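Let chain A serve as the given structure and place chain B on it in line with the hints.
There are 2 protein chains.
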Amino acid sequence: MEKIISVKNDRIKAWKKLSNKKGREKQSAYLLESWHLVNEALNANQDIKVILTTAKQLTLHQNELSYYNSELIEINDEVAKYLGSTITPQGIFAIVGLPSKEDINENNINGSWLLLDNIQDPGNIGTMVRTADAAGMSGVIFGKGTSSQFNPKVLRSMQGSQFHLKIIEGNLLYWIDILKDKNYQVYGSELNEDAFIYNEIVPSENFALIMGNEGNGMQDDLLKITDKNLYIPIKGNAESLNVAIASGILMFHLKK
Amino acid sequence: MEKIISVKNDRIKAWKKLSNKKGREKQSAYLLESWHLVNEALNANQDIKVILTTAKQLTLHQNELSYYNSELIEINDEVAKYLGSTITPQGIFAIVGLPSKEDINENNINGSWLLLDNIQDPGNIGTMVRTADAAGMSGVIFGKGTSSQFNPKVLRSMQGSQFHLKIIEGNLLYWIDILKDKNYQVYGSELNEDAFIYNEIVPSENFALIMGNEGNGMQDDLLKITDKNLYIPIKGNAESLNVAIASGILMFHLKK
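Residue numbers (UniProt numbering), protein chains in the order written: chain A, 1 to 256; chain B, 1 to 256.
The shape of chain A in the complex, shown without the other chains:
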């Protein structure tokens, strides 16, 4: 088994660049970190090009890794620290090919979808994907201004849920048009004069829920085309709910 123990190694330097968008697009790959995520990717038959592991992690996961057939490279703690996005990386990574854009279109889109409009915080985004998975949503659409699904912090907080549902990065107006044509209810989430209390809505199988930016809420042009805007009544004195908490309450109520 090949062993790389220098951060100056050319392949390591190239993989380090996968932490930003330019690097990912150029190499058509992204970097997954930690055994939990590498294992989820293995189970989900993702296109894993290389697994990098410290000797310790290799010993720990020898059984599961024995079914893995592509390139396996041993690294040391120094290289792990260089590649990792946390202070103390676990020591196991996978270089994964970017998934081909799934062939989802107006004819085969179905189920319920969470739409992210300009969500900034990677932790919120990841938690929302994980929660959408748990609520039984079909997928999540990352609209303009929302961090990439391959951002290391987003990857970390999705905890593998990205392999359990569909993720689209695209124009929300385009997708809302398609969903409306299919007679989906499209729910916004902004308090205004005409907003409905969320728990008066009858749960359903097929709907879209749009969550807006943490500070500024939803874009006006999206608000105009929703069927209903929903709000969660605040009983205490908090100014607002965290966007991931709000999306959890809404999805778990709306999804039949």
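Calculated directly from the structure, the hints in this document are not laboratory data. Remember, it's a predicted structure, so these values are computed and weren't measured experimentally. Take the hints with a grain of salt, since some may be wrong.
Same chains, same names: a pair is fine if it fits in one copy or spans any two.
Capping the alpha-carbon separation at 27 Å, the derived lysine-lysine pairs in BS3-like fashion look like this [unchecked claim]:
1. K180 - K13
2. K256 - K235
3. K228 - K166
4. K180 - K3
5. K81 - K153
6. K224 - K22
7. K235 - K153
8. K22 - K81
9. K235 - K166
10. K224 - K49
11. K228 - K256
12. K182 - K235
13. K56 - K81
14. K101 - K235
15. K180 - K235
Showing chain B alone in chain A's frame:
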């Protein structure tokens, strides 16, 4: 107005120590950071000893600060950076006296309470307090192993909700006994054979909800004395919900 521009100043060095528990106990005070929180503390009539502000923040909040009568000190960006817990501090701080332990006892405890059993992540803790506030809970009890309410990250993510409800740091077994004597329903949140689906529970005014550790769930000795354990059915393939998300779904359902 006094001006301090050196991080070697004795008072600044002392206030820096408020970021840990020992320092807070010794000085019987804690450090609040950012205008939002300082303003919430002013509005909530907290025992503010000193406000430290850069010239810029002073100009921005001159009106609101004109009603403030205690010591006001100008600092520079270097001192702000030294005291702050974020990479780019806003530049305004308050030294606040630790609140006297509220005189809550078996005779006057009422409403609904969120109990935190060994919650580790400061962001989760803060978000849970903020969500409890929004759900109309009366207070939050921080049990053993849960980060302090004065931890800078907990303070930041509570976003001022700590001033809108009651916070107790104490022994959960002790408080559960008191609540049970008052005929409160005490809900655990762990999936086991006898667990109830949360949305089959009729909402009420008075109850206690215990949330357990992110990785290990609730302690066994607490589980034994709950009236009912609740669970949130997971429809997709996520292994679990984030603890703050789960508490939000539960509180917004349970609280009448």
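Which of the numbered hints above does this structure break? 1, 4, 6, 10
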